[in-house]
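Residue numbers (the numbering used here): 3 to 162.
FYI, nobody ran anything at the bench for these hints, they're computed from the structure. Quantities reported herein were computed from a predicted structural model and do not represent experimental measurements. C-beta: ideal position from N, C-alpha, C; glycine also. Be a bit skeptical, because a hint or two may be false.
As the list claims (entries may be wrong) - The following label-pair restraints were derived from C-beta to C-beta distances:
| # | residue 1 | residue 2 | range |
| --- | --- | --- | --- |
| 1 | Leu-140 | Arg-113 | 15 to 25 Å |
| 2 | Ala-68 | Ser-23 | 13 to 23 Å |
| 3 | Gln-107 | Asp-144 | 18 to 28 Å |
| 4 | Glu-135 | Leu-63 | 53 to 63 Å |
| 5 | Ile-13 | Arg-80 | 45 to 55 Å |
| 6 | Arg-83 | Thr-59 | 30 to 40 Å |
| 7 | Asp-149 | Glu-103 | 22 to 32 Å |
| 8 | Glu-10 | Leu-49 | 10 to 20 Å |
| 9 | Leu-9 | Asp-48 | 22 to 32 Å |
| 10 | Asp-48 | Ile-74 | 35 to 45 Å |
| 11 | Arg-83 | Ser-23 | 34 to 44 Å |
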Amino acid sequence: MSDISELESRITAALDRIAWSVENGLDQPANMPTAVPTAAPSGDSDLAEELEIERTTNQKLSAASAENVAQIERLEVRVSRLADKLEQTETENKRLENVIETLSQNNDALREANAAYQGDADSADAGANAQLEHLRALRDADRGELDDIMAELAPIVKEG
3 MSDISELESR ITAALDRIAW SVENGLDQPA NMPTAVPTAA PSGDSDLAEE LEIERTTNQK
63 LSAASAENVA QIERLEVRVS RLADKLEQTE TENKRLENVI ETLSQNNDAL REANAAYQGD
123 ADSADAGANA QLEHLRALRD ADRGELDDIM AELAPIVKEG
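Can you build the whole structure from these sequences, using the hints too?
Right, here's the structure in full:
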């Protein structure tokens, strides 16, 4: 007779677990209790205390999981913004490289003309000064981009 009672209680517990899964929309997560929380039979305070500890632990795990998901989403947004900035910077750098190449070619032509005494020294100096100013502007733009990236990364490093 006790075998039948034991089987009946096991079947009831299994049905309760299934009902709990259906109500919570879960397929059997790792943190789901093996038995559905029910009121403990009178006189079984140890089991009731263990059940309450498990409930508390599951609540803490669920809260921590939600916090982790939120943090991951924030990090993904930051990474996306940084990737966009990096792409813009690379595009701008390519454009500036083309400009620098053109300036270098112009300066070479001016130097050749100067060497053949077909140009004046002031025009060669003006071209070289223009190229130098452009290089300085490029360096300042790169520094600004690096500062922006570092400002974005600082909170991520602090969180990690």
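(message) Which constraints among the numbered hints does this structure fail? Numbers only, ascending.
(response) none
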